[in-house]
Structures are given as structure tokens and as C-alpha cells.
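Student: Protein chains in written order, with my numbering: chain C, 3 to 563; chain V, 3 to 563.
One or more hints might be untrue.
Because identical chains share one entry, a pair is satisfied inside a single copy or across any pair of copies.
[Stated by the list, open to error] With a cut-off of at most 25 Å between alpha-carbon atoms, the simulated DSS-like pairs for lysine-lysine come out as follows:
| hint | residue 1 | residue 2 |
| --- | --- | --- |
| 1 | Lys80 | Lys148 |
| 2 | Lys401 | Lys360 |
| 3 | Lys552 | Lys491 |
| 4 | Lys221 | Lys350 |
| 5 | Lys480 | Lys50 |
| 6 | Lys412 | Lys353 |
| 7 | Lys232 | Lys480 |
| 8 | Lys93 | Lys105 |
| 9 | Lys552 | Lys457 |
| 10 | Lys480 | Lys226 |
| 11 | Lys356 | Lys375 |
Derived by calculation from the structure, the hints in this document are not laboratory data.
There are 2 protein chains.
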Amino acid sequence: MLSKKLYDLAKRRGIFWGSFEIYGGFSGFYDYGPIGALLKDNIISVWKDYYVNREGLALIDTPNISPEDVFRASGHLKEFTDYISYCKTCKTAFRVDELLKEKVPDFVIKSNEDIITGIEKFNIKCTVCGGELTKPEKFNLMFETKVGPGNFKPGYLRPETAQGIFVNFNNIYRYFREELPFGVAQIGKGFRNEIAPRQGLIRQREFNMAEVELFFDPKNKRWKNFENIKDLKVRIISKNEQDLIESLKEGVENKIISSEAIAYFIGLTHLFLIEIGIPANKIRFRQHTDAELAHYAIDCWDCEIESSYGWVECVGIADRGTYDLTQHELESGEDLKVTIRYESPITKNIKKYKPIEKVLGPIFKDKAKLIAKEIENHKVTEEKDLKVQVNGEEIVVPKEAYTIIEKIEKISSEKIVPNVIEPSYGIDRILYSLLENSYYEREESEFHVLRLVPKIAPINVSVFPLMPKDGLDIEAQKIHNMLVNNHFKAYYDDSGSIGKRYARADEIGIPFNITIDYQTLSDQTVTLRERDSTKQVRLNISDILVNLRKLIDGTLKIEVL
Amino acid sequence: MLSKKLYDLAKRRGIFWGSFEIYGGFSGFYDYGPIGALLKDNIISVWKDYYVNREGLALIDTPNISPEDVFRASGHLKEFTDYISYCKTCKTAFRVDELLKEKVPDFVIKSNEDIITGIEKFNIKCTVCGGELTKPEKFNLMFETKVGPGNFKPGYLRPETAQGIFVNFNNIYRYFREELPFGVAQIGKGFRNEIAPRQGLIRQREFNMAEVELFFDPKNKRWKNFENIKDLKVRIISKNEQDLIESLKEGVENKIISSEAIAYFIGLTHLFLIEIGIPANKIRFRQHTDAELAHYAIDCWDCEIESSYGWVECVGIADRGTYDLTQHELESGEDLKVTIRYESPITKNIKKYKPIEKVLGPIFKDKAKLIAKEIENHKVTEEKDLKVQVNGEEIVVPKEAYTIIEKIEKISSEKIVPNVIEPSYGIDRILYSLLENSYYEREESEFHVLRLVPKIAPINVSVFPLMPKDGLDIEAQKIHNMLVNNHFKAYYDDSGSIGKRYARADEIGIPFNITIDYQTLSDQTVTLRERDSTKQVRLNISDILVNLRKLIDGTLKIEVL
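With the sequences and hints as input, model every part of the structure.
Tutor: Here it is as C-alpha cells:
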């Protein structure tokens with residue numbers, strides 16, 4: 003199996019491995035080794051160039067530990083749950099929906115009720131010891147901790163980085179000088195206390211995310227650069243499953259994609275994934291069906307990448323409506339609205355109460371004036387009785403004491419809660435999918451290759467002396483030092499045959515190899531080999547830096563050297 | 003106060019602010035805003051270039067949540083504590099050592115006993131309500147959580163990134179093809195459940211670290227590049243407080259600094275801090291006194307940077323001996339030793355037991371042969387009776403049945419536990435110190451400037467149209483797009499006077515400003531202004547990219563343009 007081969011290679015060559023091995027492992031946690039950590043960095047670095055630099059988003063960095071209020075507002079405290087059953091005999095814990103899917107593949111789970119009753123209905127037993135299972139109960143997937151001593155506050159490890167952006171809405175709105183639309187990015191860890199994590203790097207308890215929250219006027223969900231990519235064609239599976247689109251623009255015009263903004267970030271995601279090396283035919287965008295869609299969401303697309311795990315969701319692009327900011331307004335009591343100025347003022351019919359003072363006076367005496375003022379300011383409601391508050395006292399105003407008048411008012415702005423569009427990237431899943439889609443075995447050899455694009459490859463170039471003697475090693479070290487001092491990631495290797503060293507370099511995806519041989523000592527040239535074509539050219543030492551830079555950024559091809 | 007001014011600026015201009023403001027704040031947690039997050043990224047990026055790229059260390063990335071075994075081994079479970087007292091009336095919690103320092107500044111705390119008895123001795127009361135305080139008790143500063151459901155495992159948020167490296171020693175030793183010395187770096191979050199955090203960015207409950215663990219043969223604590231910086235002079239306060247050194251080399255030769263390796267990383271830290279813009283006169287290295295030194299440590303230096311908080315420890319460089327790996331060997335039962343091959347074999351006098359078979363035979367009959375073998379393999383001890391195990395049975399061998407012989411053996415290698423040297427950087431403290439040391443107020447104006455070096459400045463260049471009209475804005479947008487498409491961090495601003503825009507750019511440390519004016523439309527030149535000198539030059543649009551790149555990496559100065 004491809005995934006088995008890849009996990010072996012990953013462990014052996016320092017890409018990733020299960021955490022805390024010497025203590026028997028820790029389920030759901032992985033380490034990135036020296037090669038994997040650089041690969042992750044490179045993916046994130048291209049992502050930042052796309053989102054922060056070129057789209058002009060604000061990058062922020064907020065804590066992993068967050069107070070309870072945040073997740074009461076977001077709904078995670080109540081809703082971020084899976085159903086769990088325990089074996090009554092051996093106490094093993096099972097995630098009920100996954101157990102049902104495994105045992106009764108044909109059963110389509112449509113509701114929580116199906117999950118709760120499924121265990122009994124299909125008479126499912128413990129897969130470890132055959133024992134009886136407990137009735138399914140909700141299990142919250144947030145990690146909880148205590149912040150501070152004594153009367154501590156509960157804290158939770160964030161299940162997503164998004165909430166750290168929403169709670170900062172006002173700060174960042176000010177940073178953007180109070181103009182919509184704008185976007186905020188955050189890259190960091192997310193945590194999810196999985197009941198029984200099993201899918202390796204794809205489903206971890208601690209994972210790397212890169213999230214974006216874009217804030218729009220709900221009436222104008224467009225993004226400035228849409229024109230640049232409107233003709234891009236992407237593979238979609240819309241909710242009616244029949245739609246094909248020739249371009250993003252067509253998707254918007256045919257109302258398959260709900261807004262230009264959603265279409266833009268579908269396109270950007272597609273371009274990003276291709277740039278880091280995911281083959282286009284392994285990428286598709288699947289729209290959530292109405293049943294899948296969260297109750298507040300307007301539209302949602304999963305970007306799925308194909309690997310040996312099947313089509314796996316790696317990015318989600320959702321139009322979340324005004325849900326997030328509304329929830330935080332309700333919970334915090336802070337105003338998270340913005341003022342939208344109209345291009346030209348609009349007129350509006352306004353209904354108002356008008357007090358009739360000659361009726362009020364005899365009834366309310368010295369309070370009449372105050373009551374009249376309250377009546378004027380009172381919003382016209384459908385309710386039968388008009389009640390006003392005066393000095394803390396509620397007063398019912400008789401019908402004879404007021405009338406309702408209509409007025410035409412000019413309005414030049416309104417306060418609204420911005421609409422949120424969220425592209426959310428799972429970095430570990432993208433990295434894993436990239437590795438699988440880069441892995442191949444050379445026909446003529448037993449060795450594996452990672453065909454990583456040069457700008458993503460963890461190490462740019464390896465440097466080999468043909469032999470570690472006769473001054474070849476000294477010359478090679480010099481070239482290695484020149485490379486690292488010019489910010490290249492270079493790797494020196496002088497052990498074993500050149501063939502073996504090429505193979506070792508190919509396994510961790512090093513795209514270029516420089517070999518120093520006896521000719522180097524006489525004419526100051528080296529051999530440059532390219533990984534995929536295995537083509538070799540001779541190059542002057544003085545040309546290495548400039549050519550290598552171009553080879554890596556793609557402006558030069560080995561074929562023309 | 004400088005720190006007050008800086009916190010105001012930081013909040014106003016998106017550098018950093020207290021987290022979760024809309025929920026009333028969360029003590030000990032800070033957010034980096036759009037400018038701060040980029041600044042942090044840039045500092046980390048130079049750090050990686052120093053340690054990972056140029057020193058050739060392995061970068062790894064391990065989880066924040068770690069199992070209990072790890073911290074039982076490291077000692078954190080027992081020892082990572084502060085003393086706490088609560089007010090009996092208002093329940094406020096106090097960190098006792100800090101309360102004592104505040105209330106009795108002259109009292110020198112020498113031991114835990116001093117902390118425990120100090121409250122009563124000096125009759126210290128609650129600073130909030132004057133109430134009586136409880137007897138000090140230990141409070142563990144690790145955040146605890148539960149991993150998995152049911153019979154959960156306790157998990158802890160790591161108080162340092164180091165342990166994730168130690169537990170991976172064998173994996174990374176293999177990655178380096180089993181040769182000492184080598185080094186491993188990790189950049190990530192650390193967590194510390196402070197009792198009463200008060201010093202802003204300097205003492206947070208969640209903070210950014212960059213740590214390095216270097217593994218040495220204890221007999222050879224040298225680092226390959228020491229020759230390059232041996233003549234560097236750094237400011238030190240050694241444990242006897244009198245020492246001055248003219249160079250790192252002198253420090254090692256005079257045995258003030260305990261090894262070349264420690265001296266090398268003191269030097270590298272000095273160079274790194276200067277490169278990111280900390281003034282040399284604000285950096286010093288203070289050696290731990292024997293009383294401060296952990297019981298297992300051989301030598302330790304704090305790199306302190308001066309700011310309005312005083313001299314604050316920002317980096318620690320410690321020789322931790324063999325403590326860390328030994329502890330994890332004991333706790334995990336795994337072999338974390340390495341084989342050191344001698345350059346030439348050494349000879350050693352070995353004492354061995356030799357069984358006398360003619361005595362053993364009559365006593366032990368058919369077991370005699372097995373017993374003879376056990377005697378041969380038994381280590382010579384000081385104990386009186388020789389006891390061997392045969393088939394699970396303990397047998398006492400009489401003195402007459404063996405002799406002790408001496409043999410000379412050739413030994414070509416030995417197994418040792420590597421010695422650890424740890425440079426550990428507090429990124430938030432470095433960032434804060436850098437901001438304070440970059441902040442100044444221009445004489446002739448009310449505005450503030452952050453004098454950040456160009457390679458560290460969050461935004462490389464701002465682009466201003468003189469007016470947002472007459473096509474100047476279109477030309478400016480074009481230049482802005484050219485910059486971001488070439489990976490510069492550029493910032494477009496068209497509101498307010500040019501003077502105001504310069505001032506706004508200066509406040510967030512943008513080193514270069516490009517202005518597009520009416521002349522631009524006729525001759526394709528722009529104005530380039532440098533922040534500190536405020537010098538302005540005219541530049542062809544076609545020269546912007548190449549010149550800007552050189553200005554940022556320091557190979558070109560504005561004076562010669």
C-alpha cells in the first residue's frame with residue numbers, strides 16, 4: 003500500500019513519525035522531522051505569499067488557550083461533539099458514527115437519532131472483546147485546562163484559529179481604516195480531542211491550520227482580483243451533482259457558486275495547490291448539500307485532494323453569513339457592526355409616535371413632559387399597549403394620548419454586521435497529499451523519489467565530492483558554504499558511491515545535485531544533475547548561485563543549460 | 003514611561019495587544035496584530051537562517067500536548083513550581099517570592115525555606131484587602147488536560163520545546179548518520195500557568211520560543227565554526243563579577259567560559275541580536291552563580307537585553323551535562339547512548355572470574371557447566387559472596403571454586419550518554435526589547451519612529467500616489483502590484499497629506515517610501531525616501547526592484563543613490 007510505503011520512508015528519512023515513541027507513542031500526535039519541518043515551512047511560506055503578501059490580508063497570531071466565553075459564543079461548547087460508546091467489559095471507547103459506518107456500510111446516517119439508535123438496532127458489539135456497548139452519549143472534543151490558580155478560569159485549546167480573528171474584529175477593522183471588504187489570516191495549531199484517531203497524519207489531535215476570514219458587506223460579496231482569474235476552469239461537484247462549469251465566471255453567472263468572492267477563493271485555492279505541486283487531476287471542489295450545510299451558512303465548498311485515503315477534504319471555503327460576529331456581539335455585548343455609507347442617500351418612510359399633550363397633561367400632571375419625550379423616542383411596535391419607562395417606573399399610555407404619524411427621512415448610511423467568508427486550510431493534510439502525489443519508484447532501480455517542485459523541496463541542493471579526499475572534499479565544502487551563506491538550503495554528503503548519494507537525495511526530494519570531481523580542480527566546473535530527468539550539465543562554479551536561483555524559481559529549465 | 007508609550011503605539015498600530023479584550027481580557031495572553039506577526043516572522047526567519055541553514059541544525063516540530071512520562075523524566079512534574087499563598091478573605095492568589103521581593107526589597111531569598119517562612123516573618127498581608135494569607139504551598143505551573151475519553155491519559159502543555167527534542171534523540175541521531183556533535187532546533191509555543199502575570203509581553207502564560215539542543219561527546223565540546231568568531235568581544239558578567247574578556251577565545255583559555263561550544267553560541271547569540279537590530283551596548287551575558295546553577299548543570303549564561311524593565315533574560319545558554327538523556331533513559335528504559343570510536347584502540351586492565359571446574363563438578367554435578375559459564379560472564383564486584391543465576395535459581399559459589407585473573411584488553415570504542423548544550427531563545431522578549439530599542443521621537447515633530455533594520459521591518463516599502471487622482475493612483479497601484487508580485491511586503495496608502503503618510507509609515511518602521519507624483523507620468527521616475535535620514539532620491543521605475551532588494555539586504559546605502 004502506498005500509505006504504508008510512505009510512512010516507512012517518512013520515518014526512515016526524517017519526514018514525520020508518531021510522537022513520543024520512546025514512551026510507547028501517543029495516539030493522534032505526530033512529529034515533523036528535519037525534512038518534514040522544512041517542507042511544512044515551505045508550504046506555509048508560499049501560502050503567506052499568496053494570502054498575506056499578494057492579497058494584502060492582515061496576518062495575526064492569537065493564543066492557543068482561549069477563555070470559555072469565546073466558545074460559548076461560537077457554539078463549540080455545546081456543539082463540538084461526537085457520539086461515544088464504551089465497551090461495558092473492556093472499557094474501550096468508540097466513536098459511534100465511525101463504528102456504524104464500519105459495521106453497516108450500507109446504512110446512511112441522516113441524523114443524530116440514527117447514531118444514537120444504530121448501536122442497538124444493528125446489535126453492534128465491542129470490536130476488541132465482543133462485549134456490550136453503552137448507550138451513545140455526547141463527548142465534547144475540546145481539550146480543557148485550568149488557567150491561573152485558586153478560583154481558576156476554565157480555558158480551552160482552540161479547535162480552530164478562526165475565533166481568535168472574530169474576537170479581534172474591531173481592532174483589525176480599525177487597522178484597515180474602517181473599510182470593507184478586508185481579510186485576516188492566521189496560521190497555527192488547532193486541537194481536537196478525537197475519540198479514537200486512526201488515520202495517521204490526516205486526523206490528528208493537534209494539527210496545523212492556515213485560516214482566512216474575509217469580511218464583506220452582505221450586499222457586495224466581490225473581491226478585487228476576481229477579474230484576473232475569472233476564466234479559470236476548476237473541477238466541481240455541485241450540490242445537484244450535474245453541473246459542469248467552463249470557468250469560475252460561468253459558475254457565478256449560473257448561480258452554482260453563490261458569489262464572486264467564493265468563486266475567487268476557490269480559484270486561488272486551486273492555483274495555490276497546483277503551485278506547490280498537487281496535480282490538477284487530483285483536485286476537486288465539492289459543494290455541501292443543503293443537509294450538510296450548517297444552519298447559518300449560505301454556501302460551502304470542500305476542496306478535496308485524492309490520495310490512498312480517497313478524496314480527502316483539505317480546504318473548506320464557506321460563506322458563513324453574519325453568524326460569527328452576531329454570536330460574539332450577543333455573548334460579549336460589544337458592538338461589532340460597521341457603518342456602510344450609501345453612494346447617494348436613500349429616502350425611507352418612517353413611522354413615529356406623536357404625543358398629544360393636552361391629553362397627557364391632565365392624566366400625568368408633572369410627569370407629562372417626561373412621558374411625552376419618551377413617547378416620541380419610542381420605536382413603533384406591533385404591540386397593543388404603549389409602555390414607557392420614566393424614572394424606572396413603567397407607565398402604560400392610553401391610546402387617546404398619542405397618534406402615529408408617517409415621515410419621510412433621508413438616510414445616508416446604515417449599521418450592519420459584516421458577512422464572513424472563510425477559506426480554511428488543513429496544512430498537514432495538504433502536506434500528506436503532496437507527499438503521496440510526489441512519490442514514485444524509478445523503473446530501473448529499487449529507489450524511491452519524491453518529485454517535489456523545486457520551490458517546495460525541503461533542501462534545494464546537495465553537494466557531493468566525488469571522493470572525500472585529494473582536496474575534492476575541501477572544494478565541495480567551500481561550495482557548500484557559499485550556498486548556505488547565500489540562503490540556499492544545501493546538504494553535504496560524502497559517504498558511499500555517487501549513485502547511492504543521488505538515490506538518498508532523490509528520496510527526500512532534493513531537486514538538484516552538485517558533484518565536485520577531479521576536473522573541478524583544473525577548470526573550476528562542477529556537474530549539476532536534475533532529479534527527475536537525471537540530466538547532468540557542467541557548470542562554472544561562478545555561475546552556480548545565479549543559475550540555481552533561476553532553476554528553483556522556475557525561470558530557467560535544466561534543458562536549456 | 004517608555005513601556006506605556008510603546009504599548010499604546012502597539013495597540014493603535016496593530017503590533018500587539020492584550021488578548022480577548024471583548025470578553026474583558028485574559029491575563030497573561032497577548033495577540034500579535036498584523037504588524038507584530040510579520041515582525042515575529044522576520045525575527046524567526048533570521049534565526050532559522052542562522053541556526054538551521056548556516057549551522058546545519060535539524061529543525062523539528064513536535065506537539066504542544068505531551069504525555070506525563072515526559073515530564074516525570076524531565077523533573078517538571080515535581081519541580082516546575084512556584085510558591086503560592088491565597089488571601090483568606092478575598093481569595094486573591096499571590097506568587098510568594100514576588101510578593102516578598104516587592105514588600106521586603108532588602109530581603110535576599112536564598113532558599114525555599116526563606117519563601118515559606120517569609121510571609122509570617124515579615125507579617126505580610128493581602129495587597130488587595132489587607133486580609134491574612136494562607137501558608138505558602140507549591141503550585142505546579144504546567145497546564146494539565148485530558149487526552150482521549152474514558153480512562154483518559156493526563157496530558158500537559160509543554161513548558162519548553164526542549165523535551166520534544168530529547169525524546170527524539172535516537173531518530174535524529176540516525177538522521178545525522180550517527181556522528182557527534184549535532185544539533186536540533188525547534189520553534190514553537192511554550193506554556194506556563196503563571197500565578198499572577200504582570201509584566202506584559204515579558205511574562206506570558208503562552209509564549210514563543212526557539213530552542214536548540216546540541217549533543218556532544220563530553221570529552222570534546224567544540225563546534226566546527228568556532229574559528230570564525232573566536233576573536234569576537236562580548237560583554238560578560240562572570241560568576242566572580244570581576245572578569246573582562248577581550249575575546250571569546252580568551253574567555254575559554256582563562257576558563258571563564260567552560261567550553262568552546264558554549265563560547266561559540268554566546269558569540270552567535272551576540273551576532274544574531276545585533277543583526278536584527280539590538281544595539282551592542284544593550285546586550286550582556288551574565289553567568290549563573292554556583293547557587294543559581296541547576297544541580298546537574300555545568301555552566302549557564304543568560305543573555306540579557308536592557309529595556310525599561312531593566313536587564314531582562316532573553317536567551318539562556320546552558321551546558322546541561324548528561325542530565326536530560328540520562329533521565330529519559332531511566333524513565334523510558336530505552337538506550338539513548340552513542341558509541342564513541344577511539345582514534346586508536348586503548349588497552350585496559352580487566353579483572354575476570356575464572357571458574358575452577360574440578361571443584362565445581364563434584365559440588366554441582368550436571369549444573370556445573372552452566373554455573374562455570376555464568377561465573378566467567380559475571381562482573382567482578384567488591385561483594386564477598388559470588389552469586390550466579392542458573393535457570394532462575396540463585397546459587398552461591400564457594401570461594402574455592404573460582405579465582406580472579408587479570409587480563410589486558412584492547413578497547414576501540416565505548417558507549418556514552420551525550421552531553422547537551424542548550425541555547426534557548428525567548429522570542430517575545432527579544433521582540434519587545436527590539437521595539438523599545440527601536441523607538442524614538444523625531445525632534446521636529448510629534449510623531450514616533452520605529453528604527454527597525456530593513457531586513458526585520460514588517461513592511462519593506464510603502465507606495466503613495468501624491469494625490470489619489472489624475473492617474474497617479476493607477477500608476478501607484480501598478481508599482482504596488484509589481485512589488486508584491488516580486489515578494490516584497492508593500493503597503494499602499496493614498497489618504498491624507500504626504501507628510502502624514504510618511505509619519506504613519508515611520509510609526510510601524512517601514513524603511514522605504516515610494517511616492518508617485520506628476521513627474522512620474524512624464525519621465526517614469528519616482529521619489530524614494532529613507533525613513534531614518536529622511537533622504538529622498540529620484541529613481542527610475544525600472545530600477546526599483548533591484549535597488550530595493552539591495553537596500554533591504556544592506557548591500558546598497560541610500561547615500562550612494
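Student: With reference to the structure, classify each hint as holding or not holding.
Tutor: Okay, the hints, checked on the actual structure:
no. : hint            : verdict
1   : Lys80 / Lys148  : both (19 Å within a copy, 18 Å between copies)
2   : Lys401 / Lys360 : within (13 Å within a copy, 126 Å between copies)
3   : Lys552 / Lys491 : both (15 Å within a copy, 21 Å between copies)
4   : Lys221 / Lys350 : within (18 Å within a copy, 86 Å between copies)
5   : Lys480 / Lys50  : between (33 Å within a copy, 21 Å between copies)
6   : Lys412 / Lys353 : within (14 Å within a copy, 105 Å between copies)
7   : Lys232 / Lys480 : between (49 Å within a copy, 20 Å between copies)
8   : Lys93 / Lys105  : within (19 Å within a copy, 54 Å between copies)
9   : Lys552 / Lys457 : both (10 Å within a copy, 22 Å between copies)
10  : Lys480 / Lys226 : between (48 Å within a copy, 14 Å between copies)
11  : Lys356 / Lys375 : within (9 Å within a copy, 113 Å between copies)
Of the numbered hints given earlier, the model fails none.
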